[in-house]
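Chemist: For the record, the sequence lines run as chains A and B.
If you're matching positions, the first sequence starts at 0 in numbering that gives the first Met the number 0 and goes up one per residue.
If you're matching positions, the second sequence starts at 0 in numbering that gives the first Met the number 0 and goes up one per residue.
Note that these hints are calculated values from the structure, not bench results.
Everything hinted at is true.
Computed cross-link-like contacts, SDA-like style, restricted to lysine to any residue with a CA-CA straight-line distance of at most 25 Å:
#: 1; chain 1: B; residue 1: K155; chain 2: A; residue 2: A190
#: 2; chain 1: A; residue 1: K155; chain 2: B; residue 2: D195
#: 3; chain 1: A; residue 1: K61; chain 2: B; residue 2: G42
#: 4; chain 1: A; residue 1: K155; chain 2: B; residue 2: I183
#: 5; chain 1: B; residue 1: K61; chain 2: A; residue 2: E128
#: 6; chain 1: B; residue 1: K61; chain 2: A; residue 2: S39
#: 7; chain 1: B; residue 1: K155; chain 2: A; residue 2: V192
#: 8; chain 1: B; residue 1: K155; chain 2: A; residue 2: Q206
#: 9; chain 1: A; residue 1: K61; chain 2: B; residue 2: R41
#: 10; chain 1: B; residue 1: K155; chain 2: A; residue 2: I183
#: 11; chain 1: A; residue 1: K155; chain 2: B; residue 2: G185
#: 12; chain 1: A; residue 1: K155; chain 2: B; residue 2: Q206
#: 13; chain 1: B; residue 1: K155; chain 2: A; residue 2: F194
#: 14; chain 1: A; residue 1: K155; chain 2: B; residue 2: V192
#: 15; chain 1: A; residue 1: K61; chain 2: B; residue 2: E128
#: 16; chain 1: B; residue 1: K155; chain 2: A; residue 2: D203
#: 17; chain 1: A; residue 1: K155; chain 2: B; residue 2: E191
#: 18; chain 1: B; residue 1: K155; chain 2: A; residue 2: A187
#: 19; chain 1: B; residue 1: K61; chain 2: B; residue 2: A36
#: 20; chain 1: A; residue 1: K155; chain 2: B; residue 2: A189
#: 21; chain 1: B; residue 1: K61; chain 2: A; residue 2: R41
#: 22; chain 1: B; residue 1: K61; chain 2: A; residue 2: D32
#: 23; chain 1: B; residue 1: K155; chain 2: A; residue 2: P186
#: 24; chain 1: A; residue 1: K61; chain 2: B; residue 2: A40
#: 25; chain 1: A; residue 1: K61; chain 2: B; residue 2: D32
#: 26; chain 1: A; residue 1: K61; chain 2: B; residue 2: V129
#: 27; chain 1: B; residue 1: K61; chain 2: A; residue 2: S180
#: 28; chain 1: A; residue 1: K16; chain 2: A; residue 2: C48
#: 29; chain 1: B; residue 1: K61; chain 2: A; residue 2: A127
#: 30; chain 1: A; residue 1: K155; chain 2: B; residue 2: F194
#: 31; chain 1: A; residue 1: K61; chain 2: B; residue 2: S180
#: 32; chain 1: A; residue 1: K155; chain 2: B; residue 2: A190
#: 33; chain 1: B; residue 1: K61; chain 2: A; residue 2: G42
#: 34; chain 1: A; residue 1: K61; chain 2: B; residue 2: A36
#: 35; chain 1: A; residue 1: K61; chain 2: B; residue 2: A127
#: 36; chain 1: B; residue 1: K155; chain 2: A; residue 2: L198
#: 37; chain 1: A; residue 1: K155; chain 2: B; residue 2: P186
#: 38; chain 1: B; residue 1: K155; chain 2: A; residue 2: E191
#: 39; chain 1: B; residue 1: K61; chain 2: A; residue 2: V129
There are 2 protein chains.
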Amino acid sequence: MSVNSARKPREVRCETKDTQTRLLNAAEALFIDAGYAGMSARGIADRACVNIAAMAYHFGSKQGLLEAVLIRRIAPINTSRRRRLEAVHERRAESIRAILHAFLWPVFFNEHEAPARRLMGRVMTEPAEVIEPLLNLGFSDVIEQFVVAAAACFPKQDRALIVQKFSFVVGALNLTVLRPSEHIFGPAPAAEVSFDRLLNFSVDGFQQWPSLSDVNKDMA
Amino acid sequence: MSVNSARKPREVRCETKDTQTRLLNAAEALFIDAGYAGMSARGIADRACVNIAAMAYHFGSKQGLLEAVLIRRIAPINTSRRRRLEAVHERRAESIRAILHAFLWPVFFNEHEAPARRLMGRVMTEPAEVIEPLLNLGFSDVIEQFVVAAAACFPKQDRALIVQKFSFVVGALNLTVLRPSEHIFGPAPAAEVSFDRLLNFSVDGFQQWPSLSDVNKDMA
DNA sequence: CTTGTATTTAAACGATCGTTTGAACTTAAT
DNA sequence: ATTAAGTTCAAACGATCGTTTAAATACAAG
Numbered sequence: 000m001s002v003n004s005a006r007k008p009r010e011v012r013c014e015t016k017d018t019q020t021r022l023l024n025a026a027e028a029l030f031i032d033a034g035y036a037g038m039s040a041r042g043i044a045d046r047a048c049v050n051i052a053a054m055a056y057h058f059g060s061k062q063g064l065l066e067a068v069l070i071r072r073i074a075p076i077n078t079s080r081r082r083r084l085e086a087v088h089e090r091r092a093e094s095i096r097a098i099l100h101a102f103l104w105p106v107f108f109n110e111h112e113a114p115a116r117r118l119m120g121r122v123m124t125e126p127a128e129v130i131e132p133l134l135n136l137g138f139s140d141v142i143e144q145f146v147v148a149a150a151a152c153f154p155k156q157d158r159a160l161i162v163q164k165f166s167f168v169v170g171a172l173n174l175t176v177l178r179p180s181e182h183i184f185g186p187a188p189a190a191e192v193s194f195d196r197l198l199n200f201s202v203d204g205f206q207q208w209p210s211l212s213d214v215n216k217d218m219a
Numbered sequence: 000m001s002v003n004s005a006r007k008p009r010e011v012r013c014e015t016k017d018t019q020t021r022l023l024n025a026a027e028a029l030f031i032d033a034g035y036a037g038m039s040a041r042g043i044a045d046r047a048c049v050n051i052a053a054m055a056y057h058f059g060s061k062q063g064l065l066e067a068v069l070i071r072r073i074a075p076i077n078t079s080r081r082r083r084l085e086a087v088h089e090r091r092a093e094s095i096r097a098i099l100h101a102f103l104w105p106v107f108f109n110e111h112e113a114p115a116r117r118l119m120g121r122v123m124t125e126p127a128e129v130i131e132p133l134l135n136l137g138f139s140d141v142i143e144q145f146v147v148a149a150a151a152c153f154p155k156q157d158r159a160l161i162v163q164k165f166s167f168v169v170g171a172l173n174l175t176v177l178r179p180s181e182h183i184f185g186p187a188p189a190a191e192v193s194f195d196r197l198l199n200f201s202v203d204g205f206q207q208w209p210s211l212s213d214v215n216k217d218m219a
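Construct all of the structure, not just a fragment, from the sequences and the given hints.
Modeler: Put into structure tokens, the structure is as follows:
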């Protein structure tokens, strides 16, 4: 019988980047898989091939490391979203499709596609107390801007309705990129396919209701 | 200055129900707020006004208690979903609206509305390793049945497309019931309002695409 | 009251948690 | 070679983790 190491035997060699980057990558992977409470400082250090004290030295604390992880990936996505929304406004092409396109595109297509996607999905579903201090780093602003833009497309709809429709889009996006259970929804389609489907689904859902009266009459 | 107890001072008296129910209620509340890794056995026992050993005595382990929590709330919802889908089939009224209505209704309107809703939202976003053993307790089956029913409504669409559209509905549902951040989407509307909006949004999103060609031509 | 089963309890188990310490080591400028 | 700043290290800190043990208690049946 073979002897196993104390923790999970890492099948891959450690990365060759600097310590801070190795810590960021390791924390990112473990946060995506297990959430904040489920990832341990020692697990991060092990995966990064770094002494556990390096975390406090470079990032102050586990929470500080998570903040750095999120800023590295989420901030560029939100910046891209803002830029694209501005471009839509400059072109005077404020359709709901163009707006949702600007919102969704940077999540699916960016420098570090898969990790950034899954990070985005995980961070939105974490318990409030862990994430809430991070949301004021530019997250609420982006949502607000897009809600305003979307509301301008439907002047006759309540703002509260627009907000909730947008939350539906965010929810669908979250589950798509987080992909919590292969056993339920099967293997993930390619990013281009998922993006197209999600955009079409969201655009259709955002339209005015086709008929407001037949809501309550087809259920027992 | 006043003296505080060791842990969070509970502002409310302990419930008067039996030990098992108190444990279930306490674990449910903490799981919704903090997830599985974030809830502690001692925190549960404290909130339930129960000795910590009672957890192992009545439920075997922390995982066993969580399973009991989920079965208590999720199983009735899935049973109700199945019943309503059967009723739709018996009435030969298999519209996508009726099918999605049968899927969504039991989440919003059931015996223990708010706790069951939020539990449903949390369990779908938990890390895989914690939840996956529970999904084979009837969860995947329900999704599968509804996907089949939905696919029958759109015979010309790929099954993979139907599956992903359904995942969009589940994602939107999750974020709606979980409501992770009041700061982003504001206060939650009444259950009836959220249900109507989510149903309409989902039904519209499920329709055939209005035009498949203008997808790639309105972005720079 | 006595017996036997079911439940609750205080206490402790070893393990792991996030964090801190101070020395050892590396690196580059003097 | 010497200094100083930057970085990594083994080791330990107290706290909390989930679980277990065995004694104490509650309670119905005989």
